[in-house]
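Spelled out from the first residue to the last, the chains are:
2 protein chains.
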Amino acid sequence: MENRSTTHQNDVHFTPADRNSLYKTIFNRRDVRGQFKPDPIPDATLSRILLAAHHAPSVGFMQPWDFIIVTDPNVKRAVHTGFQQAHAEAAAMFTGEKQKVYRTLKLEGIMEAPVNICVTCDRDRTGPVVIGRTADKAMDLYSSVCAVQNLWLAARSEGLGVGWVSIIHPEVLRHALGIPDPIVPIAYLCIGTVSHFLAKPELETANWLPRLPLDELIHGNQWGDKHNPACAALKETIRKDSEQNRQGILPCSTLE
Amino acid sequence: MENRSTTHQNDVHFTPADRNSLYKTIFNRRDVRGQFKPDPIPDATLSRILLAAHHAPSVGFMQPWDFIIVTDPNVKRAVHTGFQQAHAEAAAMFTGEKQKVYRTLKLEGIMEAPVNICVTCDRDRTGPVVIGRTADKAMDLYSSVCAVQNLWLAARSEGLGVGWVSIIHPEVLRHALGIPDPIVPIAYLCIGTVSHFLAKPELETANWLPRLPLDELIHGNQWGDKHNPACAALKETIRKDSEQNRQGILPCSTLE
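Same order as they appear, the protein sequences are chains A and B. Plus 24 on top of the position in the first sequence (first one is 1) and you've got the working numbering. Plus 24 on top of the position in the second sequence (first one is 1) and you've got the working numbering.
Careful, some of the hints might be misleading.
Identical copies go unnamed one by one, so any copy, or any two together, can satisfy a pair.
Unchecked claim - As a list, the in silico SDA-like pairs of lysine to any residue whose alpha-carbon atoms are at most 20 Å apart: (1) K161 <-> P206; (2) K122 <-> F221; (3) K124 <-> V153; (4) K264 <-> F51; (5) K161 <-> H37; (6) K124 <-> P138; (7) K161 <-> V208; (8) K161 <-> A115.
Quick caveat, the hints were computed from the structure, so don't treat them as lab data.
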């Protein structure tokens, strides 16, 4: 029989300061495109953010991710060419004022960022039947996305910017990186130190779209029930917290 | 012209202690199924973890997520019935010893957890053309997954357990929660305080699958190039960090 002390997290405690560190990371994480500096990333830092990614939740403990570390300028250039092609196609999908604004946006930092990382999903990693993927086939893809988000947050806390380049056709990315068929590229990330982090998401600052009021995205027990009395007090709390957040106050800063 | 001090994050700094708080959260987050306690979750805490979810990255700043807060036992029961059906189907997909082990695993805490939250993705939220979703149509689904991961980490730092129930057919979940057609249910989460957090993922402890060695998941510049000299030092660092991690040592604990 196993000792309880080795099977339980007995010595792990989280203080309000711990919580504030996490919230600070979450609220100040940005999708970085235009502020990369060329400084190399120390292996010690890269190792830590990859370890964070590797400890994401995964369906059936499948750990379906791999990480292709791209530093070769020729490989980056092939990806960048793929971006430019998909970007030109995308621009043509917008009209009028939106198209004008779209063309002014910088949407990637492939060549400037010292390191690019492609996070993938190996759908066959542990055989055809996976615990938790039997009813929803997308679950393994979602696991790799969780790895991306862990990496992104870890990078922010290490002072590194991350930008997710999604404007490239998956088959073009696959070709540029030699990714074979059962493997799905999930995210192509540009990573590096930055001149600065922006206070707000660029598309919010550019008035492309506003930050949505969170309390309006809360439904009680059924989709569309936005006035369920069971959620009234929660929504009021969310409105207050959202207002504090707009003022840059961390949500645990008043707790001890 | 905007003031640089308002557009940049000038006063945001991360210390090694901040980083360790984040890594502690990431490494001690668990998928909780069997340890939920019935205590209610304070609105103040729920609000903070939802605010964390709402600050996930989203493609084109689309914020495609909604949150259905489920506390009604009748709604939970409908979801639980859907789980039981999908679980029985899944058990039949495994054979021999794997099937025996599968049947012993507790895979959800729907009725026991005081709060369940369904995180969704509204694919039509901002119209048919979305910046960053033009070449990869799955990007908005991935944004909602990033919201799930933010919520999960915030919950862990607040001492709350989260379990993702994926063994239910999406259309059954849709029916139980009245989710209309353009909205995609991404994650059904059970949330609550817990008797304890397990030291390791349950499927690792049950010898269902081992934790993979991270250094073997690293490729240099091209898929399959696992011996690229450009990654040799990084892999060595990863092996050392992984060994420290197995011993429960946080990766920034030796830094200051």
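- request: If the cutoff is 20 Å on CA atoms, where do K161 and H37 land: within, between, both or neither? Let me know, please.
  value: For K161 and H37, neither the intra-copy (36 Å) nor the inter-copy (40 Å) Cα distance is at most 20 Å.
query: At most 20 Å between C-alpha atoms: does K161 with V208 qualify within a copy, between copies, both, or neither?
result: both (13 Å within a copy, 13 Å between copies)
task: Could you figure out if K161 and A115 sit no more than 20 Å apart (CA to CA) within one copy, between two copies, both or neither?
output: Classified as between; 16 Å across copies, 32 Å inside a copy.
- request: Pop the pair K122 and F221 into one bin, within, between, both or neither, using alpha-carbon distances up to 20 Å.
  value: neither (25 Å within a copy, 49 Å between copies)
query: What label fits K124 with V153 when the C-alpha limit is 20 Å: within, between, both, or neither?
result: between (48 Å within a copy, 15 Å between copies)
Homomeric proximity label, K124 with P138: Cα distance no greater than 20 Å: neither (30 Å within a copy, 49 Å between copies)
query: Within a copy, between copies, both or neither: where do K161 and P206 come within 20 Å Cα-Cα?
result: both (14 Å within a copy, 18 Å between copies)
- prompt: When no copy is named, should K264 and F51 be tagged within, between, both, or neither for a Cα gap of at most 20 Å?
  reply: Answer is within; shortest intra-copy Cα gap is 16 Å, inter-copy 31 Å.
In the structure shown, a violation is registered for the earlier hints numbered 2, 5 and 6, in ascending order.
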